[in-house]
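Number of protein chains: 2
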Amino acid sequence: MAEALAVLAEAPVRRPRGRPRKPPEALDEGNRRQKLLRVAARLFRRQGFAATTTRDIAAAAGMRSGSPFYHFESKGALLAAVVEQGMRAALQRQAQALAASQQAAEAPEALLRRLVRTHFDVLLGPGSDFIPVMLYEWRSLSTEQRAAIARLQREYEAAWSGVLDALCRAGRIRADARAARLMCLGALNWSVQWYKPGMGATLDQLTEQAMLLFLPDPTRRPA
Amino acid sequence: MAEALAVLAEAPVRRPRGRPRKPPEALDEGNRRQKLLRVAARLFRRQGFAATTTRDIAAAAGMRSGSPFYHFESKGALLAAVVEQGMRAALQRQAQALAASQQAAEAPEALLRRLVRTHFDVLLGPGSDFIPVMLYEWRSLSTEQRAAIARLQREYEAAWSGVLDALCRAGRIRADARAARLMCLGALNWSVQWYKPGMGATLDQLTEQAMLLFLPDPTRRPA
DNA sequence: CCTACCGATCGGTAGG
DNA sequence: CCTACCGATCGGTAGG
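In order, the protein sequence lines correspond to chains A and B.
Quick note: the first sequence, position 132, residue 138 per the working numbering, numbers continuous.
Quick note: the second sequence, position 177, residue 183 per the working numbering, numbers continuous.
Because the hints were derived from the structure by calculation, they are not lab data.
Hints should not be assumed to be uniformly reliable.
Each pair may be met inside one copy or between any two copies, as identical chains are not told apart.
Stated by the list, open to error - Below, a list of computed lysine to any residue pairs in the SDA-like style, where the Cα atoms sit at most 25 Å apart:
hint, residue 1, residue 2
1, LYS41, GLU161
2, LYS41, ARG175
3, LYS202, ARG38
4, LYS202, ARG180
5, LYS41, GLY82
6, LYS202, ARG99
7, LYS81, TYR142
8, LYS202, TYR142
9, LYS202, PRO222
10, LYS202, ASP182
11, LYS81, ALA116
The model shown is predicted, which means the values in this text are computed figures rather than measured ones.
Use the sequences and the hints to build the structure in full.
Given below as structure tokens:
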């Protein structure tokens, strides 16, 4: 009997040891949707939303032309999902930076460096198509979609406002906090237009250049 | 006989006193083309190139759907013409700023201020759709069109490189000149995403904020 | 998720 | 610059 059970245990129907094997459809369910989001983000970034057809996206995901509509209501809903997922991932990364900085009880300069570095990674790092799509396809979103994303953006910008406010009050930045936020983020965001990975500066070097540009000589003490 | 000539001189065929009246077709020739460029720039900026139909453009110009193709070979050629005209106008304005600064024998700080102010005007001033279209529809241009525009862009950026180089050598900017150019222009270019004319800051105020951000305290003298 | 398909729209053209 | 039109493509759907 014990033998028989041991034999059964060797049979193909045995309980797997790793994570539970889902049936293939359930396994694909989220995977296929994620695959669509990834390839759509890449195509939207490279060609623009209007110039990308749902057939392009289906082909890049290895599907037939009608299949994306099994996962997403419309082409516009796919765009909104790309942008929202990108923004949620960016917020998570930013939260990690904020937590690390707070734990180390860092000065505002060091926190700003973390925010800049995280932002470059979100914009230019591996798998970074989602936020650039948001930046360049804002006008392709519906009013309702824009409102939902805008809430996440305000949360993201609040962290910048906080640290820039502190630096303005300390005299380390001379522009007003709002202008500083808009122009600093603009300087960083624009890098998606000219940055080529592997050619020229690394993201660490870009971060240092940005810090040098935004902050005056740190050895100077304000009056 | 003289009387008869006098009478003829009073007739509707007499020579007009102002600028010579061209026949209506010739008058419209350049006007209609310019009208198409203007409305196309506005629509491309607001809706994007791919999302704007040639019918939209024709309607906005008061024409029928096929008529834009009498003036431009294709939709893409119309985009290229918008971008090139925008770039040529920007270069002219920049040349005026350079000339005025040189005549006044200004320091690099003052020249930078002129370049920033001119750039804001080109980006955000009245009738400023052309350069934003270039910034946001670069990927919609063909390789050949991009090469032609890139030459004009290099000329435009050369002026920035010159003044930023001088400021870096003088220790007034700490980042390297190339990074400073990319990030400063990015900070300015990004304003097309958030600037609303008549609400908030004027272009003069924005210029001052940019100068405050890019340049450390002018009372400080480098070691 | 595929097959087969539809209605609408689009860039562009012939001929005047 | 208009009229009338074409071929291609596109987002999306019914039915399985």
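Comparing the hints with the structure gives:
Neither within a single protomer nor between protomers do LYS41 and GLU161 lie at most 25 Å apart by alpha-carbon distance, with minima of 27 Å and 43 Å respectively. In this assembly of identical chains, LYS41 and ARG175 lie within 25 Å of each other by CA distance neither inside one copy nor across copies; the values are 46 Å within and 49 Å between. With identical chains, the CA atoms of LYS202 and ARG38 are never at most 25 Å apart, being 29 Å at best within one copy and 41 Å at best between copies. For the identical chains of this complex, LYS202 and ARG180 are inter-copy neighbours only, at 23 Å across copies versus 31 Å inside a copy, given an alpha-carbon limit of 25 Å.
Proximity of LYS41 to GLY82 under the C-alpha cut-off of 25 Å is restricted to the intra-copy arrangement: shortest distance 17 Å within a copy versus 32 Å between copies. Proximity of LYS202 and ARG99 under a CA criterion of 25 Å is satisfied intra-copy only: 22 Å inside one chain copy versus 31 Å between copies. With identical chains, the CA atoms of LYS81 and TYR142 are at most 25 Å apart both within one copy (16 Å) and between copies (21 Å). Taking the closest pair of Cα atoms, LYS202 and TYR142 come within 25 Å of each other both inside a single copy (17 Å) and across two copies (18 Å).
Taking the shortest Cα distances, LYS202 and PRO222 never come within 25 Å of each other, neither inside one copy (28 Å) nor across copies (29 Å). For a Cα distance limit of 25 Å, the shortest separation of LYS202 from ASP182 across copies, 18 Å, qualifies, whereas the shortest one inside one copy, 32 Å, does not. For the homomeric pair LYS81 and ALA116, neither the shortest alpha-carbon distance inside one copy (41 Å) nor that between copies (49 Å) is at most 25 Å.
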